[in-house]
Amino acid sequence: MSRWADADDPSLPPAAYTSPPQNGRQTTTSYSVSSKTGQKLKTVKTVKVWSEVRKVNKRVKSRSERMKRFGLASGEEEQENVTIQSRDVITIEDPNIENTGDGEAEDPGKALAGNLNAFWAKQQRRQLERKYDVNGDPEPEASASDGLGKYVPPGQRGAVSSTSSGGGLAAMADKIEASGGGDKKYDDRDANTIRCTNISEETTEKDLQELFKDFGRISRVYLAKDRETMQSRGFAFISFVHHADAQNAMDALQGYGYDHLILKLEWARPSGGKGDAGGERTEFRSGYGKALAQDTKEKVSFASNLTK
Amino acid sequence: MRPILLKGHERSITYVNYNYDGDLLFTASKDNVPTVWSANTGERIGTYNGHQGAVWDLDCNKFSTHLLTASADATCKMWNVETGEEVQTFKHRGPVRGVAWGEGSQCFATISDPFMDAVAMISIYDCPLDSSPESWSQAPRLEIELPKENAVKATNLVFLNLNEALFVTFDDGSIRLYDVVNGKVLNMITPHTKKINNVSFNREKTLFITSSVDTTAKLYDVVKLEHLKTYKTDRPVNDAVISPNKEHILLGGGQDAMSVTTTSGKAGKFETKFFHLVYETEFGVVKGHFGPINALAINPDGRSYASGAEDGYIRLHFFDQSYINMKDPVPDAPTEEAN
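Top to bottom, those sequences are chains S and B. Take the first sequence: its letter number 247 is residue 247 in the UniProt record's numbering, and every next letter is one higher. Take the second sequence: its letter number 84 is residue 84 in the UniProt record's numbering, and every next letter is one higher.
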């Protein structure tokens with residue numbers, strides 16, 4: 001028996017539309033009229049869809065086919081009141097906080113916080129290094145006056161300070177290209193970063209760490225993942241502390257067969273044109289989603305205008 | 001992991017266990033209705049209706065055909081697992097505290113508490129499953145009276161050594177092994193100073209772990225009854241289980257139900273604790289319950305575990321891949337240089 005208000009409203013589109021599953025998700029769109037305000041509501045529900053193959057023994061399978069609901073469970077149509085999935089994610093927490101190396105509490109939020117902390121610590125250290133002239137730069141103040149009023153990317157600040165002629169950033173970039181990174185030691189981690197593509201989806205950051213750690217100290221491994229599905233997008237960045245190590249890794253692992261695919265390595269920021277560099281940049285950022293990637297592209301092109 | 005909450009019971013959970021194949025989860029509660037759930041999805045499959053009192057213990061046989069339940073209404077009932085029909089009722093003189101199938105599912109034993117002038121008793125029944133239930137004798141094959149003088153109560157029992165011995169834990173912290181033919185005490189050890197709440201064996205029945213109100217759980221060798229390890233906590237331990245495929249121990253506990261209302265959930269220590277079996281170190285904690293955990297069970301495949309608590313909830317946890325892949329931490333090793 002239905003109340004008159006429940007009758008189908010002819011002005012509404014068909015009850016529900018479920019799209020075919022795409023990228024592991026499926027959206028259901030339904031329309032309804034709010035009983036309170038009378039407004040038409042469009043409800044879009046996105047559901048994660050995946051299939052899982054599980055091996056069960058014959059006895060279990062035949063039992064699951066045989067068994068019918070009985071007792072109090074027989075009458076119930078919806079199980080929602082009885083069996084519910086917890087809303088919050090429960091992790092196995094570590095009771096001894098100082099001993100965090102268990103690989104146990106892999107809370108993404110926590111990991112992110114840790115990364116951020118590490119990032120800020122690094123920023124601070126760099127600032128101090130610049131201030132106290134740790135790299136042996138002759139006159140850090142000069143670099144400051146050089147870049148007066150202009151934004152200098154952190155990666156190029158060291159180079160600026162080491163060149164005595166303040167000929168603008170384009171000149172700096174040329175200088176960096178000329179030096180080729182062989183004889184010059186700059187603490188720019190992007191210059192020691194390898195862009196590794198054609199990685200299989202199952203590869204994790206840990207695997208990459210394992211793969212690359214033999215060549216020298218790694219400062220960072222970044223595996224690009226889809227923001228929604230958290231699946232690997234098939235490329236990663238590996239930053240080494242020393243450029244020579246990165247070069248070694250590049251030579252050794254170029255075309256290396258890893259997990260049924262052939263790795264392709266290249267420098268994260270090739271020493272080609274600046275436009276290229278911008279392109280790389282955007283791709284690097286695109287892990288955060290499309291809208292943001294376009295944003296950064298604009299920003300980067302804006303920044304490259306500045307340097308001209 | 002996002003646990004599944006099973007809310008079918010209206011009162012506190014007394015016992016949870018998986019069947020041998022690991023596809024069904026049986027739960028007993030003080031609300032008289034033992035329940036069976038799907039261990040993979042958490043769906044309620046059925047309830048076994050008929051008891052008049054709290055259900056303290058249950059045991060499913062190895063082929064998952066028959067279920068025994070022990071209830072405070074002084075009966076032990078046998079059920080058809082798949083249909084929920086009652087097969088037979090075995091009347092006792094006091095509340096039935098524990099029940100256990102013998103190996104081969106041809107006999108079972110129960111513990112009953114003292115009531116009025118009836119003394120605490122261990123009873124062994126024969127129930128050849130290939131014959132009709134009407135032909136079974138309602139009287140136990142053997143009754144073992146428990147010592148009256150210091151009023152000890154049995155808490156758990158398990159058949160050992162191919163049904164030649166009956167392993168019984170007591171509330172004075174002792175464990176006795178009884179001969180199933182003449183009822184004599186074969187062996188006795190006293191691992192704990194206070195009540196033993198629960199005992200659980202590994203799948204091969206080579207190790208057992210006792211959990212006690214004296215805040216420890218102890219691991220023993222079954223053959224020699226030799227003490228191997230002690231897991232110390234800061235709370236009464238209600239249940240402990242041995243992981244089937246990792247060298248881990250899961251401990252559940254909390255304050256006794258009486259003092260729960262006077263403490264906050266945070267201070268209540270209602271977590272499941274993870275200990276390393278060999279090193280005796282605690283390395284993990286899983287929170288979630290609002291009352292002391294009364295019962296724990298780990299799936300025979302080692303990928304999920306269920307905990308039932310005084311708050312009436314059963315939480316079904318499926319381990320993350322990171323736990324399943326995890327290598328065991330080694331304590332007191334020189335700490336690695338941070339890179």
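Hints are computed from structural coordinates only; laboratory data are not their basis. Don't take each hint at face value.
[Claimed, not checked] Taking lysine-lysine and the DSBU-like style, the derived pairs with C-alpha atoms no more than 30 Å apart in a straight line are:
1) B/Lys232 x B/Lys269
2) S/Lys68 x B/Lys62
3) B/Lys7 x S/Lys45
4) S/Lys213 x B/Lys148
5) S/Lys206 x B/Lys224
6) S/Lys206 x B/Lys287
7) B/Lys30 x S/Lys68
8) S/Lys206 x S/Lys48
9) B/Lys62 x S/Lys55
10) B/Lys287 x S/Lys48
11) B/Lys153 x B/Lys232
12) B/Lys246 x S/Lys213
13) B/Lys224 x B/Lys194
14) B/Lys62 x S/Lys61
15) S/Lys58 x B/Lys62
16) S/Lys48 x B/Lys7
17) B/Lys229 x B/Lys287
18) B/Lys195 x B/Lys327
19) S/Lys55 x B/Lys232
20) S/Lys58 x B/Lys232
21) B/Lys194 x B/Lys232
22) S/Lys61 x B/Lys7
23) B/Lys184 x B/Lys153
24) S/Lys58 x B/Lys246
25) B/Lys205 x S/Lys55
26) B/Lys327 x S/Lys55
27) B/Lys246 x S/Lys55
28) B/Lys184 x B/Lys246
29) B/Lys246 x S/Lys61
30) S/Lys206 x B/Lys153
31) B/Lys246 x B/Lys194
32) B/Lys205 x S/Lys61
33) B/Lys232 x B/Lys184
34) S/Lys122 x S/Lys55
35) S/Lys68 x B/Lys7
36) B/Lys30 x B/Lys148
37) S/Lys225 x S/Lys264
38) B/Lys327 x S/Lys225
39) B/Lys205 x B/Lys30
Being a predicted model, the structure only gives us computed values, none of them experimental.
How the hints compare with the structure:
| no. | hint | result |
| --- | --- | --- |
| 1 | B/Lys232 x B/Lys269 | holds (14 Å) |
| 2 | S/Lys68 x B/Lys62 | holds (20 Å) |
| 3 | B/Lys7 x S/Lys45 | holds (26 Å) |
| 4 | S/Lys213 x B/Lys148 | violated (69 Å) |
| 5 | S/Lys206 x B/Lys224 | violated (44 Å) |
| 6 | S/Lys206 x B/Lys287 | holds (28 Å) |
| 7 | B/Lys30 x S/Lys68 | holds (25 Å) |
| 8 | S/Lys206 x S/Lys48 | holds (26 Å) |
| 9 | B/Lys62 x S/Lys55 | holds (20 Å) |
| 10 | B/Lys287 x S/Lys48 | holds (27 Å) |
| 11 | B/Lys153 x B/Lys232 | holds (24 Å) |
| 12 | B/Lys246 x S/Lys213 | holds (29 Å) |
| 13 | B/Lys224 x B/Lys194 | holds (22 Å) |
| 14 | B/Lys62 x S/Lys61 | holds (16 Å) |
| 15 | S/Lys58 x B/Lys62 | holds (15 Å) |
| 16 | S/Lys48 x B/Lys7 | holds (25 Å) |
| 17 | B/Lys229 x B/Lys287 | holds (25 Å) |
| 18 | B/Lys195 x B/Lys327 | violated (35 Å) |
| 19 | S/Lys55 x B/Lys232 | violated (38 Å) |
| 20 | S/Lys58 x B/Lys232 | violated (41 Å) |
| 21 | B/Lys194 x B/Lys232 | holds (14 Å) |
| 22 | S/Lys61 x B/Lys7 | holds (26 Å) |
| 23 | B/Lys184 x B/Lys153 | holds (17 Å) |
| 24 | S/Lys58 x B/Lys246 | holds (25 Å) |
| 25 | B/Lys205 x S/Lys55 | holds (26 Å) |
| 26 | B/Lys327 x S/Lys55 | holds (25 Å) |
| 27 | B/Lys246 x S/Lys55 | holds (21 Å) |
| 28 | B/Lys184 x B/Lys246 | violated (37 Å) |
| 29 | B/Lys246 x S/Lys61 | holds (26 Å) |
| 30 | S/Lys206 x B/Lys153 | violated (53 Å) |
| 31 | B/Lys246 x B/Lys194 | holds (29 Å) |
| 32 | B/Lys205 x S/Lys61 | holds (26 Å) |
| 33 | B/Lys232 x B/Lys184 | violated (33 Å) |
| 34 | S/Lys122 x S/Lys55 | violated (48 Å) |
| 35 | S/Lys68 x B/Lys7 | holds (20 Å) |
| 36 | B/Lys30 x B/Lys148 | holds (27 Å) |
| 37 | S/Lys225 x S/Lys264 | holds (18 Å) |
| 38 | B/Lys327 x S/Lys225 | holds (25 Å) |
| 39 | B/Lys205 x B/Lys30 | holds (29 Å) |
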